[in-house]
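Make the full structure from the sequences, and use the hints.
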Amino acid sequence: MDKSHEVNAFCSGMVTGINLYQQKVVTAQKNNEAIKIGGELYYIQSAKERLQDMVDKICK
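Note that our numbering has the sequence shown beginning at 1085, numbered continuously upward.
It is possible that some hints are incorrect.
Stated by the list, open to error - Computed cross-link-like contacts, BS3-like style, restricted to lysine-lysine with a CA-CA straight-line distance of at most 30 Å: (1) Lys-1132 x Lys-1144; (2) Lys-1141 x Lys-1120; (3) Lys-1108 x Lys-1120; (4) Lys-1120 x Lys-1132; (5) Lys-1141 x Lys-1114; (6) Lys-1132 x Lys-1114; (7) Lys-1108 x Lys-1144; (8) Lys-1114 x Lys-1087.
Please keep in mind that the hints were generated in silico from the structure rather than gathered at the bench.
Please read all numbers here as calculations on a predicted model, not as lab measurements.
Okay, structure coming up:
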């Protein structure tokens, strides 16, 4: 395999991996599930959800 094919294969692999993780993050956000990264749990919020949380906190 020449250098250009190696680079293309590498880039295709990177794009595929990024797309898989992107789908995982979007699905977790839609289902309000945590994502575990380095042993820590993270919850992803949309901007709308974050704004609503801030408004709710201020209005209490």
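Cross-check of the supplied hints:
1. A distance of roughly 18 Å separates the Cα atoms of Lys-1132 and Lys-1144; the hinted pair therefore holds under the 30 Å criterion.
2. Using a Cα cut-off of 30 Å, the hinted pair Lys-1141 and Lys-1120 holds, with the two alpha carbons roughly 27 Å apart.
3. Note on Lys-1108 and Lys-1120: the hinted pairing holds, with a Cα-Cα distance of about 11 Å set against a maximum of 30 Å.
4. For the suggested pair Lys-1120 and Lys-1132, the alpha carbons sit about 23 Å apart, so the restraint of at most 30 Å is met.
5. Of the pairs offered as hints, the one joining Lys-1141 and Lys-1114 holds, with about 22 Å between alpha carbons and a cut-off of 30 Å not exceeded.
6. The hinted pair formed by Lys-1132 and Lys-1114 meets the criterion: a straight-line CA distance of about 13 Å does not exceed 30 Å.
7. At most 30 Å may separate the alpha-carbon atoms for a hinted pair to count; Lys-1108 and Lys-1144 exceed this at roughly 34 Å.
8. Using a Cα cut-off of 30 Å, the hinted pair Lys-1114 and Lys-1087 is violated, with the two alpha carbons roughly 41 Å apart.
Against the hints set out earlier in the document, violations occur for numbers 7 and 8.
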